[in-house]
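K.L.:
Given next are the chains, with one letter for each unit.
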Amino acid sequence: MTLDEILASMFPDGHDVRNDSGLLYGLGTLRHGGRALVIGVANRSALGVDEAIRLSGYVLASIEKGSGPILVVVDSDSQRMSKRDELLGLSEFLAHLAKSLIYADMHGRPTIGLLYGRSAAGAFLATALATRVLVGLPGADPAVMDLPSMAKVTKLSIEVLKQKARSTPVFAPGLRNLAQTGAVHITWDERVPLVDQLQSLLANMPNARDRRDALGKERGGRLKAHDIAERVRGLALQTQ
Amino acid sequence: MSAHTQTAKFLAGRDRAASWYEASARKRVGLLVDDGSFFEFIGPEMREVSPHLQVFDLPEQFDDGIIIGRGRLDGSPVFVAAQEGRFMGGAFGEVHGAKLTGLLHAARDIKSMPVLILFDTGGVRLQEANAGELAIAEIMRAVIEARTAGVKVIGLIGGHSGCYGGGGLIAGCCSALVVSEQGRIAVSGPEVIETNRGVEEFDSRDHALVWRTMGGKHRRLIGGAEVFVDDTVQAFREAALELVRSTGGFGIDTLKAEQSRLEDRLQRFGTCRDAVEIWTAEGIPDAASIPELPADQFIPLADKVWRTGRDAR
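Chain order of the listed sequences is S and V. Our numbering numbers the first residue of the first sequence as 1 and each following residue consecutively. Our numbering numbers the first residue of the second sequence as 1001 and each following residue consecutively.
In case anyone wonders, no lab produced these hints; they're calculated from the structure. It is possible that some hints are incorrect.
What the hints assert, rightly or not - Now the in silico label distances, taken between C-beta atoms and shown as ranges:
#1 S21(S) - R1197(V): 13 to 21 angstroms
#2 Q1267(V) - M205(S): 37 to 45 angstroms
#3 G234(S) - T1280(V): 52 to 60 angstroms
Claimed, not checked - Now the stretches of chain S that chain V is said to cover, found in silico as 3 or more residues with beta-carbon under 8 angstroms:
#4 38-44
#5 57-64
#6 142-150
#7 157-171
#8 192-205
Even glycine gets a Cβ: it sits at the ideal position worked out from N, Cα and C.
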């Protein structure tokens, strides 16, 4: 699905979301009343300091004046890899965007990520992975790192990596592999109007508690994370 | 004071002069907190290793490269997490990350105990990339939940592997940061930029360029870290103590202040092509000499240039 099709299918009652050189911003009318803030990254654009500060600005302004859920719609590259972005402190800008989204979610503005294309590394952390519920669309193709780059770092051939990926999807790119770890909560069906799936999600929104490690355990993609975290928490609480 | 206690104090004092950069994670933790006060959770004897490294025929480490526990700092209880930058570059994997997430969840529930995170990381562990990336996302959320509950989360950065990738994003979520000159903070590492954009964009073998673009002095000068310290355990300990006492809370005003702080930085320095240009624009006389300045001369200079807003992170 294209971005226009996705927005039209989610907001049949109208929206004013604009795509400004890969940055998304606007409001969408929800079927059962109210409006959702929509922000995001499109056109597989990289997320650098200039883009991140605009997105966090939209979120903070909406916390002060708006209401309703916040949708973070993503088809991005990774963070912008440049000397200028690092010189200016890109880590702070990306963290600030993630913090703004998490803060909003914890204070009455539930956040939903919608991954319809690519995303990777720092851009993924600052946007889709900083939401309460991450929805994947079938065309989504997230990758922490692509296989050719991974081959370079691990000094293994792409063929060997592909073979290993069959038994151990924990390192391999792709929506299904990521969903198994618990990162993607649900995958929507493109044949059903997205407005129905959005309304159903909003009506059954889970609470703000982070359950992604439990999901990863249920799905068999991350068997240890939940138990280790809970054990540490228990030990730490005991010994105060 | 008994002769024994005096000797112990002398020994601790002497050891705290040790280089933070050179010390292992275990040594850093042992010396950072009050003598003998550290208690580890899920230590190496539990052998909770990564379940994913054997697929790549890579050696495991019994603590998966991170030490988690509690100790005392000048008598007050603190939680501590320390990454070992010399195991898999201190990278975040499933177990490594989950240990830190669990600690932050406990801090959130207790509400009053500070957390010290001793970063030393290249970012996501690629052999378990999806689990590592998600672990970082969970830690970022857990830091914000803890801070919202009133917990102070202080990052200490000055290790071998610096604080790169998702580690840089977690650091950006902390209440305050301490850096030494060696404490590089960035998202994309020098090699990653060079591989993706070419050597003209960033020459990863130009060490002076790496230090002045990502190193602790530059981060302190642009307000990316609250405190700059010399490369000793003692200096990190004193700075951590100071920040635990002085750092403010977290809320919408903090985020608005950070938005202004970062917008202001882009406006003032957005067209600068090099760190020296930024330092010059900051009004530092003889900015080109900054990399050579010893810590005791750099610290007062940095304090004059940029009194970091303690409530803008």
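K.L.:
Evaluate each hint against the coordinates.
P.N.:
Each hint, compared with the structure:
Between S21(S) and R1197(V) the Cβ separation comes to about 20 angstroms, which falls inside the hinted range of 13 to 21 angstroms. For Q1267(V) and M205(S), the Cβ-Cβ distance of about 38 angstroms falls inside the hinted range of 37 to 45 angstroms, so the restraint holds. At about 53 angstroms, the CB distance of G234(S) to T1280(V) agrees with the hint of 52 to 60 angstroms. Look at the stretch 38-44 of chain S against chain V: 0 of its residues bring a Cβ nearer than 8 angstroms to a Cβ of that chain, fewer than three, so the hint is violated.
Interface restraint, the stretch 57-64 of chain S with chain V: holds (4 residues with C-beta to C-beta distance below 8 angstroms; minimum three). With 4 residues carrying a beta carbon less than 8 angstroms from a beta carbon of chain V, the stretch 142-150 of chain S meets the three-residue requirement, and the given coverage holds. Restraint check on the stretch 157-171 of chain S versus chain V: 6 residues with Cβ-Cβ distances below 8 angstroms, three needed, restraint holds. Counting residues of the stretch 192-205 of chain S whose beta carbon lies closer than 8 angstroms to any beta carbon of chain V gives 0, which falls short of the minimum of three for the stated coverage.
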